[in-house]
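Colleague: One letter stands for each residue in the lines below.
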Amino acid sequence: DAGVIQSPRHEVTEMGQEVTLRCKPISGHNSLFWYRQTMMRGLELLIYFNNNVPIDDSGMPEDRFSAKMPNASFSTLKIQPSEPRDSAVYFCASKSISTGELFFGEGSRLTVL
Amino acid sequence: AQSVAQPEDQVNVAEGNPLTVKCTYSVSGNPYLFWYVQYPNRGLQFLLKYITGDNLVKGSYGFEAEFNKSQTSFHLKKPSALVSDSALYFCAVRDGLTGGGNKLTFGTGTQLKVEL
Chain A
31 DAGVIQSPRH EVTEMGQEVT LRCKPISGHN SLFWYRQTMM RGLELLIYFN
81 NNVPIDDSGM PEDRFSAKMP NASFSTLKIQ PSEPRDSAVY FCASKSISTG
131 ELFFGEGSRL TVL
Chain B
255 AQSVAQPEDQ VNVAEGNPLT VKCTYSVSGN PYLFWYVQYP NRGLQFLLKY
305 ITGDNLVKGS YGFEAEFNKS QTSFHLKKPS ALVSDSALYF CAVRDGLTGG
355 GNKLTFGTGT QLKVEL
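Going down the list, the sequences are from chains A and B.
FYI, the numbering for the first sequence is 31 to 143, going by my numbering.
FYI, the numbering for the second sequence is 255 to 370, going by my numbering.
Hints are supplied without guarantee of correctness; some may be wrong.
Pairwise CB distance ranges (calculated) [as the list claims (entries may be wrong)]: (1) 331/B / 115/A: 35 to 45 Å; (2) 322/B / 58/A: 28 to 38 Å; (3) 96/A / 314/B: 30 to 40 Å.
Dumping the calculated DSSO-like pairs for lysine-lysine here, alpha-carbon to alpha-carbon at most 27 Å [stated by the list, open to error]: (4) 54/A / 303/B; (5) 357/B / 331/B; (6) 54/A / 98/A; (7) 108/A / 54/A; (8) 331/B / 312/B; (9) 331/B / 303/B; (10) 312/B / 323/B; (11) 108/A / 98/A; (12) 367/B / 303/B; (13) 108/A / 357/B; (14) 54/A / 357/B; (15) 98/A / 357/B.
Source of the hints: derived by calculation from the structure; they are not laboratory data.
Idealized CB from N, CA, C, for every residue including glycine.
Pulled out of the complex, with its shape left as it was, chain A reads as follows:
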């Protein structure tokens, strides 16, 4: 298996622009998580899905952030409009209920100028 696949790996954009980050979980995994990592705040859980349904989005910073999972093999995290304080590395992770451990993608490094 190729693991969790995220795109883009790097994105540089200007304040006010829309940003869409993409994630393909490991086939057969039925839970998907979006995390954000910064030096100041460490690793933060933004939202997670079970069987494509959002379960807990309490970590989503504000209405500018939205996440979708239209099917079991694809998820997006959208920021609109983006702001410089959104600059971070965004990780997607997936797991199966049976094993318990998370498998992380390589991350998407976002820089908002």
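Once you've looked at the hints, dock chain B against the given chain A.
Modeller: Frame of chain A; chain B shown alone:
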């Protein structure tokens, strides 16, 4: 609520010496405990987990961790450190009371630096 504390931001150790990275946790029910490692510009990688059973858990790359219920700790250990072990280490916990649930809470991370 569940939480994890990693009291040390950084741990320095000489190659060949034993290493310990500390972790304490708080949950309502039985803890499911995990250690992850992150190398520069990479995602987190699973090292080992404790769900139930033997308190000493062995994982990848020669790492092990000891579950101590009375001290609510799950310290990561390795008998002989390598320079290549230098990385950022995260402890994580999930509350078993909720049937495992799905929300994994991570600590703030400990930077391990192994020097020659």
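Colleague: Check the structure against each numbered hint from earlier and tell me which ones fail, lowest number first.
Modeller: none
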